[in-house]
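Colleague: Read top to bottom, the protein sequences are chains S and H. Read the first sequence against this note's numbering and you will find it ends at 346, with the numbers running on by one and no gaps. Read the second sequence against this note's numbering and you will find it ends at 408, with the numbers running on by one and no gaps.
Everything labelled a hint here was simulated from the structure, so no lab data went into it. Each hint should be verified, as a subset may be incorrect.
Claimed, not checked - Partial pick of chain S residues on the chain H-facing surface, computed with a CB cut under 7 Å: (1) L174; (2) L180; (3) D181; (4) S199; (5) G201; (6) A204; (7) R207; (8) S208; (9) N210; (10) F213; (11) L221; (12) V223; (13) P233.
To be verified - A few chain H residues that don't get close to chain S, going by computed Cβ distances all over 10 Å: (14) P22; (15) K34; (16) G109; (17) N134; (18) D143; (19) W243; (20) M356; (21) V387; (22) L392.
Small disclaimer: the values here were computed from a predicted structure and weren't measured. Here a beta-carbon is modelled for each residue, glycine too, at the ideal position from N, C-alpha and C.
Chain residues, written in single-letter form:
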Amino acid sequence: MSDASATRVSGGASGGASGGDGAAKSGFVSAAKGGSTAPTLIRLSKVGKTYYRGKEPIEVLKDLDLEMPEGAFEALMGPSGSGKSTLLNLIAGLDSVSRGTIHISGVDLTAMSEGARAKWRSQNVGFIFQTYNLLPVLTAAENVELPLLLTPLSSAQRKQRALIALRVVGLEDRAGHRPDQLSGGQAQRVAIARAIVTDPKIIVADEPTGDLDRHSADQILELLVKLNTELKKTIVMVTHDPVAAERASIVRRLDKGSLT
Amino acid sequence: MIPISYNFRSLFVRKATTIATALGIALVVFVLASSQMLARGIKKTLGKSGSAQNGIVLRKGADTEMSSIIETPLVGLVLAAPGVRKDASGKPLGVGELVVVLALEKAGTSGQMSNVQLRGVSDDVLAFRKDVHLIAGRPAQPGSDEVILGKRLRGQFAGLQLGQHFEIKKNRQAQVVGIFEDDGSSHESEIWGDVELVRTSFGRDGIVSSVSVTLESESKFDAWKAALEHDKQLNLQAMRESAYYEKQSEGTAKLVSFMGGAIVFFFSIGATIGAMITMYAAVAHRRREVGTLRALGFSRGTVLSSFLLESVLLALLGGGLGAFASLGMGFVHFSMMNFASWSEISFSFDPAPDIVLRSLAIGGLMGVVGGILPALRASRTSPVAAMRD
Chain S
87 MSDASATRVS GGASGGASGG DGAAKSGFVS AAKGGSTAPT LIRLSKVGKT YYRGKEPIEV
147 LKDLDLEMPE GAFEALMGPS GSGKSTLLNL IAGLDSVSRG TIHISGVDLT AMSEGARAKW
207 RSQNVGFIFQ TYNLLPVLTA AENVELPLLL TPLSSAQRKQ RALIALRVVG LEDRAGHRPD
267 QLSGGQAQRV AIARAIVTDP KIIVADEPTG DLDRHSADQI LELLVKLNTE LKKTIVMVTH
327 DPVAAERASI VRRLDKGSLT
Chain H
20 MIPISYNFRS LFVRKATTIA TALGIALVVF VLASSQMLAR GIKKTLGKSG SAQNGIVLRK
80 GADTEMSSII ETPLVGLVLA APGVRKDASG KPLGVGELVV VLALEKAGTS GQMSNVQLRG
140 VSDDVLAFRK DVHLIAGRPA QPGSDEVILG KRLRGQFAGL QLGQHFEIKK NRQAQVVGIF
200 EDDGSSHESE IWGDVELVRT SFGRDGIVSS VSVTLESESK FDAWKAALEH DKQLNLQAMR
260 ESAYYEKQSE GTAKLVSFMG GAIVFFFSIG ATIGAMITMY AAVAHRRREV GTLRALGFSR
320 GTVLSSFLLE SVLLALLGGG LGAFASLGMG FVHFSMMNFA SWSEISFSFD PAPDIVLRSL
380 AIGGLMGVVG GILPALRASR TSPVAAMRD
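The following block holds chain S by itself, in its conformation from the complex (with noise of 0.2 Å):
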């Protein structure tokens, strides 16, 4: 498979995103479907995963080619059971490959231990998932800073970077609040200043605005755009939400394991 599939949306974030149409088939570099270039941050070459029922194979992801440029925001659509949030997990190192490569920024995460694959995590992705996952026994400054206590931070460094994390999603004054007094959308706020508070490269969303109203929903996805735009990250975001993809700079469709 190719990453032929990818469409670029007009009106959606354009911080060097590009579609991988032309994509360069050696270094990393993707050539923009807008004409504009940027060097590729992710690239999958014949990666399959096969999970087992039993004895029974189930082939979630046949022999995918992707290249994902840094800067980009992509969204990933299809039906349920067409391997989506598996691709996602792949990309964002929680599972591991049954054949083919993976390479981010260049290092292979396919060679990695789990533990090797953790620490890579902890230091290049950031994690926004539908239910928030916020610890319910924390309040929101204790959620964000809690990547940091990987990072050889002191405790007051840690401190300030998560209320300036706070501050970027605008609740800087709801610190001290446990997920349970939170708002679905504060909540996910608070998710996504867990997942940018170590500045990784990439964020990964797995459908993040699936349990909220619209209105929050806009809002956060007015938040994903400004973290692409103006913080540059690039983001791989699963969705079924039509609306959502648009907010995307390149929407690629899966289907039975296969991009279509």
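Since the structure of chain S is already known, use the hints to place chain H on it.
Modeller: Frame of chain S; chain H shown alone:
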């Protein structure tokens, strides 16, 4: 490192389970600490009864004063042995004493009998045992049917109150004329009367159970012992008084420790399983949280140590409660049979810091044992699988 506040607060999300588990562990630590305190109290009580500078002589082969018979003429030989301290008038410091057991009715019961140790003492016993002080009444008159009473017996048996009478043998009444204390020693659980009163009441004419002496110094003991034991015809054995009483405490202290240990063993199995169930439930309940932590980059080892820490925290919470409660036992006096003398003796629990800390550590260990498997399960949680739930 995952912040400890996460574990601490998580414990209180499921309050009922946490409290129930903590109480189980508290009970184990309480029983463990209390039994250790009692065993220590027994040793201390009996240990205080003897001095390292005093020597005691029994019939060879006798384990206790109760089973020892020494003919009265030998008392003079023991007192005359080299190394025995003499008073200003040149009189050796020592006493021959006769010990018997008396069955008396326990106070507040209808006919429930228990043994009490009765010590027949010489009229100069208070001069010999300088730690003994009368706290009420007066000394017993030599040659009379008067006795003085250790303070721990006071009110514990019928007739054992100042001014009251009790039956020392059929149709022979003895009167309590004084109450004494002896720095918490086992003497405080004895009745002391004139040695002749005891001899005539129990048909022990011409004998004593033991001879106790004060030595010129602790270093004189070996020479004194050798002088007495060298003459095989005397058929006597000499030992330091402190060593004798320590030996007396061994059996009872060991029994208490064993019984406490047995109870603790079975209780701790239950409490550890309780902690394990609680932690398994916590891991299952927080699977998504674990998945999130793993996704954020926390390693398996970090997740394992975090849940293990939580289990230990839970155990220490309960352990602390149990240890604190056990400190209250320091105010409790406990009467039980001393198997060396077959008489009832009153002990105090000794709430020593090392016992409390050791019991607390055992509580913490229960947290480790109960928490290790759930923590391993948490550490093996796949972030992908956890997110799918």
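Colleague: Against each hint, give a clear statement of whether it holds in the structure.
Modeller: Going down the list of hints, with the structure as the test:
1. At a threshold of 7 Å, the smallest CB-CB gap from S/L174 to chain H is about 10 Å, leaving the interface hint violated.
2. At its closest, the beta carbon of S/L180 sits 5 Å from a beta carbon of chain H; the interface hint therefore holds under the 7 Å criterion.
3. Nearest Cβ of chain H to the Cβ of S/D181: about 5 Å, under the 7 Å cut. The hint holds.
4. The interface hint given for S/S199 is broken, as the beta carbon of that residue sits about 11 Å from the closest beta carbon of chain H, more than 7 Å.
5. Among the interface hints, the one on S/G201 holds; its C-beta lies about 6 Å from the nearest C-beta in chain H, closer than the 7 Å criterion.
6. Against a cut-off of 7 Å between C-beta atoms, the interface hint on S/A204 holds, since the closest Cβ of chain H lies about 5 Å away.
7. The beta carbon of S/R207 comes within 5 Å of a beta carbon in chain H, closer than 7 Å, and the hint placing it at the interface holds.
8. Evaluation of the S/S208 hint against chain H yields a held restraint, the C-beta minimum of about 3 Å falling below 7 Å.
9. At about 9 Å, the closest approach between the beta carbon of S/N210 and any beta carbon in chain H exceeds 7 Å, and the interface hint on this residue is violated.
10. At a threshold of 7 Å, the smallest CB-CB gap from S/F213 to chain H is about 5 Å, leaving the interface hint in force.
11. At its closest, the beta carbon of S/L221 sits 5 Å from a beta carbon of chain H; the interface hint therefore holds under the 7 Å criterion.
12. Interface hint at S/V223: satisfied, since its Cβ lies 4 Å from the closest Cβ of chain H, which is below the 7 Å cut-off.
13. Interface restraint check: S/P233 against chain H, minimum CB-CB distance 5 Å, threshold 7 Å, status holds.
14. Annotated as non-interface, H/P22 brings its C-beta within 10 Å of a C-beta of chain S; the closest such distance is 7 Å.
15. Every CB of chain S is more than 10 Å from the CB of H/K34 (nearest about 13 Å), matching its label as outside the interface.
16. Every beta carbon of chain S lies more than 10 Å from that of H/G109, the smallest distance being close to 78 Å; the non-interface claim holds.
17. Non-interface status of H/N134 relative to chain S is upheld: no Cβ of that chain comes within 10 Å, the nearest being about 59 Å off.
18. For H/D143, the requirement that its beta carbon stay farther than 10 Å from each beta carbon of chain S is met, with the minimum near 73 Å.
19. Listed as a non-interface residue, H/W243 keeps its Cβ farther than 10 Å from every Cβ of chain S; the least gap is roughly 69 Å.
20. Separation of H/M356 from chain S is adequate, the least Cβ-Cβ distance of about 53 Å exceeding the 10 Å criterion.
21. Remark: the non-interface label on H/V387 is consistent with the geometry, its nearest Cβ contact in chain S lying 23 Å away (cut-off 10 Å).
22. H/L392, annotated as away from the interface, keeps every beta carbon of chain S farther than 10 Å; the closest lies near 21 Å.
Violated hints for the displayed structure, listed by number in ascending order: 1, 4, 9, 14.
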